[in-house]
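Dock chain B against chain A, hints included.
In order, the protein sequences belong to chains A and B.
All you need for our numbering is the position in the first sequence, starting with 1, plus 900.
All you need for our numbering is the position in the second sequence, starting with 1, plus 900.
Be a bit skeptical, because a hint or two may be false.
The list treats identical chains as one, so a pair stands whether inside a single copy or across any two.
[What the hints assert, rightly or not] Taking lysine-lysine and the BS3-like style, the derived pairs with C-alpha atoms no more than 27 Å apart in a straight line are:
id	residue 1	residue 2
1	K1407	K1386
2	K1268	K985
3	K1187	K1038
4	K1407	K1017
5	K1421	K1407
6	K921	K985
7	K1038	K1017
8	K1407	K1105
9	K1038	K1386
10	K1181	K964
11	K1028	K1181
12	K1386	K1017
13	K1254	K1221
No wet-lab data here; the hints were simulated from the structure.
Fair warning: this is a prediction, and the values are worked out from it, not measured in the lab.
Protein chains: 2
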Amino acid sequence: MITGKNYIGNLLSSIGNKTFKTFNPQTNTENSILFSEASDVEIQQAVELATEAFAVFKLVSGVKKSDFLNEIANQIEALGDVLIKTYCSETGLPEDRVIGERARTVFQLRSFANLVKEGSWVEATINKADLNRQPIPKVDIRKMLIPIGPVVVFGASNFPLAYSTAGGDTAAAFAAGCPVIVKSHPMHAGTGELVASAIINAAEKTGMPNGVFSNLNSSGIEVGVTLVKHSQVKAVGFTGSVQGGRALYNLASQREEPIPVFAEMGSVNPVIILPEATKSKGADWAKTYAVSITLGSGQFCTNPGLILGIKGNELTNFITKLSAEIVTIEPTCMLHPNIIGAFESNKSKMLAQKGLQSTATFKKEVSKNYGRQAITTVEGVTFLANTNLHQEVFGPFSMIVQCENTTQLENIISNLEGQLTGTILAENGELENYANIVSALQNRVGRIIFNGVPTGVEVCDAMVHGGPYPASTDSRFTAVGINSIKRWVRPFSYQSWPNELLPNELKNENPLGILRVVDGKRTTHKL
Amino acid sequence: MITGKNYIGNLLSSIGNKTFKTFNPQTNTENSILFSEASDVEIQQAVELATEAFAVFKLVSGVKKSDFLNEIANQIEALGDVLIKTYCSETGLPEDRVIGERARTVFQLRSFANLVKEGSWVEATINKADLNRQPIPKVDIRKMLIPIGPVVVFGASNFPLAYSTAGGDTAAAFAAGCPVIVKSHPMHAGTGELVASAIINAAEKTGMPNGVFSNLNSSGIEVGVTLVKHSQVKAVGFTGSVQGGRALYNLASQREEPIPVFAEMGSVNPVIILPEATKSKGADWAKTYAVSITLGSGQFCTNPGLILGIKGNELTNFITKLSAEIVTIEPTCMLHPNIIGAFESNKSKMLAQKGLQSTATFKKEVSKNYGRQAITTVEGVTFLANTNLHQEVFGPFSMIVQCENTTQLENIISNLEGQLTGTILAENGELENYANIVSALQNRVGRIIFNGVPTGVEVCDAMVHGGPYPASTDSRFTAVGINSIKRWVRPFSYQSWPNELLPNELKNENPLGILRVVDGKRTTHKL
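So here's chain A without its partners, still in its complex pose:
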């Protein structure tokens, strides 16, 4: 049952005056439940509880954290139909999408459970003492990764499960040993509360300290601002717009004690179609990309919003084919009237830019809140001169840039903002001749794809989801995969510490049997 209340630790609370409702874009009506926005008192309580919980949670063993994470996964699965129905009613997305995203969410939680159960992720490193060393004796130093403190997570509008309440940021923070306060996304507050209840149930069932998790409702920016400015909050995770992510980053960096913000933000995910590929496979790629551009109504951060090719008949044919293909695809519902409103507005602004030509728009009548796709094209020189054309249009929209030659292509790539992904479409043996293009693209992206589409982010330990700003605020971390735990930990050294008081990870006996680096050698042996 959805109450509309906040979870302040394990207590449901609604003492504030501000309320709001979620919206069903398919029916174009408000949903019935009234949500109570977290008040300043509730925010303060949540942070205090998290701070208290941290003192206990940071010492909880990997095995117990693993039980907690697995139990969250169980509890989410146990929510059953109510979760699916609530999710659909708050997003306009179809049931199969929910089921897929739930599976991804549960997989992420179980991946982190396995990681912390095994335990070697802490990078235990030991340098033994050498009292006979000259000119001065060498002390015993032992290092491991420890949790950074309470983390605030901002849920994403476009991933109510996998990148929101119990999504990647939260799962990674729990695995690290950090309490989490979620600033629930207002568009899917009901889905958020259901998942929050699953986390609270799991925390109680597996004996986690009260305050290890809180879920705060909000309709505007105030709750998030208060949280990020709170001195007891030690890190922030965010998935959303550049505007939103940058605002949080600015707040966090202006604090008396600045804190790290990992914000995964916008990207146009440039795709480079090389001449041979344009010639021999242009039609196939046009078909493939028509699907990728419209997938989920273009509401993926890896949506291909920019395609770069070398001017000529072959590229013209590709544009014609892509334009023809894309209008054969039926539009789908977007997440919220605000999202489609921004899409239409940004599309119009883009089309008003000098030199940009529309080559396809879905023109037929569609249901309310359905996003109508568009393809545009522009000359390389025009694109280079106008950075408005470099901005993301969140939704089913893409722009094809017709470059004069490979020098201009390389120049354009070098002048792009940071991106999550870059893709190169090439024929056999063609890529070898474009080393400069690959090098320039590598400098601007977090992941590079050969002959594929950027949509679809595999959850695996070799994945990088992040990239140079503004793809993310810190390219040194990934938001997807088990290594995303590194956002919420810091290395910590013990010098000459008594063996019996060291954490198990660093004891002589290696009671956990984890892989450690001892005097430069990897080993699972005891000292």
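Structure of chain B alone, referenced to chain A:
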């Protein structure tokens, strides 16, 4: 020979109008060489060269980077006496200190050389494709760490070799594959130029691209500000004051594209002397700490500036003994009139704080620029109420806080700013009763020491030199040890990339024989 010029890549240049000289604090006179501050044109040239060099340097093999790093070490050793004499004349520090610091610098360079020659540090991770996976095929994803881009390094006043021109930041950045532009410290610009010439010689001898290194002189903040704001600079390393580090952090975070700043800044390095240790070993610890507080005239970032104990006769005895011991130590020369000026001024400000009592000051006449040590004490309640008392006094100064009880002690620790180190002095079996103290201390520091002194930072892979703000601007990294390379790299994924075009680290054949994680298993085998 010291020319007073800047190195813009491998060219000596002095086109600016601003000049300055270094100062010999032992003789209290200016040194003779005139240094030319880098002009805007020279700064721009250095950054452009670094950007061009990056395209080549990022692809240089680990073996070749290793040759480069080892050759820098050789060239520094080959500088011989002129380096030692110049260093002494610019710092007032004794010869044996230079020799020790040079050995440390060379060791750091060779440690990174070994790291990149072996090659496994890139954390190569491979998830093989599975075309039969349901519901959708799994793509091939391969990840490794790649360099972040041109790095600007600000040298430290107190470590002209180990944390300046070819110090830890520079060595780590080169190892990562990042070109480096050093903003040379004005107090030891001659030492800086000598080491810069060693780097340039090494770069030429081992075939590194021109622009992989530049050395810019500066007397004020302008050169540094221009560098940090430059759009082609991708990261910053700094060692120095909180004021300086925070200013750079603010500049970097206000850029259109914010960049990471790793600043290792101030710390008072709290030492907690527990009651049993105070009672049975108080006199011994007083002797040991008198030495640690005055070591190098207190000009170490790990200098113990704060000692916390429980009020009583034993603590009074400890204070008396420490006060008596410290005045038996002969003062030594501080780095520069500005440094001793700040020391005297901060000491006076501290002594003017209400409730602070002086228990020892070295009163005898000393040579000009010699720092006279002081010990002070204050009640716990007074310390808690006045954060001015929490600030670092850079130099031979320490404050003993007399806490009412362990609750107040824990409260004080929790209210400290972030610190590089925390030390606990305890008798056998005593520490077990202070789990809350240890937990609170852990939250505020990067390294915790049992029965020792914080001065002395071992260069090893288990060392953490860094900590919660303001010990450093990002506690997730260390400034010392081979893992400090992680400040200058980012993870990068290749998806479905042709094997022959992958970097050697990720090729099926594993031609480098490095340790990789393949489908979750660590292995040095080929696929």
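Hint check:
1. K1407 / K1386: Both ways: K1407 and K1386 sit 22 Å apart in one copy and 26 Å across, limit 27 Å.
2. K1268 / K985: Only inside one copy: K1268 and K985 sit 20 Å apart there, 79 Å across copies, limit 27 Å.
3. K1187 / K1038: between (65 Å within a copy, 21 Å between copies)
4. K1407 / K1017: Answer is within; shortest intra-copy Cα gap is 17 Å, inter-copy 31 Å.
5. K1421 / K1407: Both. Shortest intra-copy (16 Å) and inter-copy (24 Å) distances satisfy the 27 Å Cα cut-off.
6. K921 / K985: Only inside one copy: K921 and K985 sit 16 Å apart there, 74 Å across copies, limit 27 Å.
7. K1038 / K1017: between (33 Å within a copy, 26 Å between copies)
8. K1407 / K1105: Result: close neither inside a copy nor across copies, 30 Å intra and 46 Å inter.
9. K1038 / K1386: between (29 Å within a copy, 25 Å between copies)
10. K1181 / K964: Cα proximity of K1181 and K964: none, with 52 Å in one copy and 40 Å across.
11. K1028 / K1181: between (60 Å within a copy, 26 Å between copies)
12. K1386 / K1017: Both, since 16 Å and 25 Å are each at most 27 Å.
13. K1254 / K1221: within (24 Å within a copy, 80 Å between copies)
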